[in-house]
Amino acid sequence: MGFTLSAGEFLQLVNINPATIVFTLINTAIIIALYFFFLHKPVMKIMEERKNKINSEMQAAEDAQAEAEAVKAEYTEKLKESKEEAAQIVSAAVKRAGERENQIIAEAQQEAANLKKKAEESIELEKKKAINEIKDQISDIVIMASEKVCEKEISKSDNEALINKFIAEVGNE
Amino acid sequence: MLTETTLMAGEFTVEGPLRSIPLPFLEGILGEENACIAESVVTQWVVMVILGVVFFILGRNLKLKPETKRQAAAEWIVSFFVGNVETSMGTYYKKRYAPYIGALFCFCILSCLMGLFGLRNPTADVSVTGTWALITFVLVLWTKIRTGGFKGYLHSFIEPLPFMLPFNIIGDFANPISQAMRLFGNNLSGMVIGGLVYFALGSFAIAVPAVLSLYFDLFSAVIQSYIFCTLTMSYVAMADMSE
Chain A
2 MGFTLSAGEF LQLVNINPAT IVFTLINTAI IIALYFFFLH KPVMKIMEER
52 KNKINSEMQA AEDAQAEAEA VKAEYTEKLK ESKEEAAQIV SAAVKRAGER
102 ENQIIAEAQQ EAANLKKKAE ESIELEKKKA INEIKDQISD IVIMASEKVC
152 EKEISKSDNE ALINKFIAEV GNE
Chain B
37 MLTETTLMAG EFTVEGPLRS IPLPFLEGIL GEENACIAES VVTQWVVMVI
87 LGVVFFILGR NLKLKPETKR QAAAEWIVSF FVGNVETSMG TYYKKRYAPY
137 IGALFCFCIL SCLMGLFGLR NPTADVSVTG TWALITFVLV LWTKIRTGGF
187 KGYLHSFIEP LPFMLPFNII GDFANPISQA MRLFGNNLSG MVIGGLVYFA
237 LGSFAIAVPA VLSLYFDLFS AVIQSYIFCT LTMSYVAMAD MSE
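Quick note, the sequences are listed as chains A and B, same order. In this text, residue positions in the first sequence follow my numbering: the first is 2, and each later residue adds one. In this text, residue positions in the second sequence follow my numbering: the first is 37, and each later residue adds one.
Only chain A is shown next, with the shape it has when bound in the complex (with noise of 0.2 Å):
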C-alpha cells in the first residue's frame, strides 16, 4: 500500500485544457447573464423603486408638514388679531358707557338743581302771595276792629299808636 505520484502524473494534474478554458468562459458568460437578468436587474429595479418612492413620499410628507405649519402660522395670527379687536371694541364699548354715564349723571343733577330752583321760586312766591294775602286779610281786620274801636270813645293818638303799633306786629310777622 503506497502514493505515488510521477511526474507525468502531477503534470497531469495541472494539465491546461483550452477546451475546457473555452466551455468555462462560455459557462461563465451564461452565469452572468443568469444572474444580472434575472436576479440583479430586478431587484436594482426594485430597490431603486422603492427609493424612489420612499424618497417622494418623505418629500410629501414634508411638503404637508411645511404647508401644515403655515396654515397653523396663520391661523394664529388670525386669532391673536381677533382677540385684539374684541378687546378694542370692549374697551371702546366700556369707555362709550363710562361716558354716557358721566353725561346721565350731569344731566340729572342739571335737572335736579333746576327743580330745586323752580321749588324755592315758588315757595318764594306763594310766601309773598301768602304775606300781601295776610295783609290785605289785616287791613280788613283793622278796619273792622277800627269800626269796633270808634264805635267806642277813643283819643286821636291812641287810635294811631295802636294802628301802627299792630302794622308793626304784622310787618314782623
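In case anyone wonders, no lab produced these hints; they're calculated from the structure. Computed from a predicted model, the values in this text were never measured in an experiment. Please note: incorrect hints may appear among the correct ones.
Stated by the list, open to error - To be clear about the criterion: a stretch of chain A counts as covered by chain B if any three or more of its residues have a C-beta under 8 Å from a C-beta of chain B, and this derived list gives those stretches:
| # | region |
| --- | --- |
| 1 | 14–25 |
| 2 | 33–39 |
| 3 | 49–55 |
Even glycine gets a Cβ: it sits at the ideal position worked out from N, Cα and C.
Position chain B against the provided structure of chain A, taking the given hints into account.
Below, chain B without anything else, positioned relative to chain A:
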C-alpha cells in the same frame, strides 16, 4: 463516471481532470489528451442549471413592499455583492462589477460544493480556475489602459524606478496565476486528502470522512470563493490609476 481515486491492489492514484465526452474532431488541433469535454465542464452545466433555477425563482415577482422571505433573500444577496464591490472598489465600479462578482461568487461556491454530491469539483481543475484568473487579468489590463491610457499603462512598468521593470512584469502575471493556483490547490488538496482518507480507512470509512468533507468541501469552499472574488476586486481596484 469514475471517481478521482482508484483502488487497485493497494495502489492510490490521483487522476487529472477526467474526460467525460470525447470530441474526436478536435484531436487535430488540441491533441488526443485535450480533445474532450472534461468532467469539470459537465459539472459546470449542472451548476448552471441549479443557479439558473435559483436566480429565476429568487428574482421573479418582486414587490415594492416586500412580502416574502424569498424577496428578502434576493435583496440581501444582491445588496451584499453591491455593498462588497462598493467597499472594495468604489462607486464607479459598483454598477459595473457587482453582477460579475455576484455571478462569479455564486458559480465558484456552488462549483466547490459539488464535491459534496460526489461530483468532481470544477474548481479542482486548473483550467477552470485559470480561466477565471484570465478574466481577472484581462479586467486588470483593461482598467489600467482605461484609467492611464496606453502610454500610462506602459509607463506603469517602470514605476517607481526603472529597474523595477522585471518585477512589475512578473507581478502582472503572478497575481492572477497565484489567484488561480490558490483556489485550485485548495480544492485539489481537499479532494486528494478526502481520497486518501477513504483509501486508508477502507471499509471503515464512516463519520471521519464526513468531518473532513465538512471542512474541505463546505468551509474551504466558502472561504476560497470569497477570497477569489475579493482578490479579483482588489486587483482591479489597484489597477485603477485615475485616483
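Chain B over the region 33–39 of chain A, status - at least 3 residues with CB closer than 8 Å
Three-residue rule met by the region 33–39 of chain A, so holds; n is 5.
Against chain B, does the region 49–55 of chain A show at least 3 residues with beta-carbon separation below 8 Å?
Three-residue rule met by the region 49–55 of chain A, so holds; n is 3.
Apply the coverage criterion to the region 14–25 of chain A and chain B: a residue qualifies when its Cβ sits closer than 8 Å to a Cβ of the chain, and three qualifying residues are needed.
Coverage by chain B holds for the region 14–25 of chain A (11 residues, Cβ < 8 Å).
Checked against the numbered hints given earlier, the structure satisfies every one of them.
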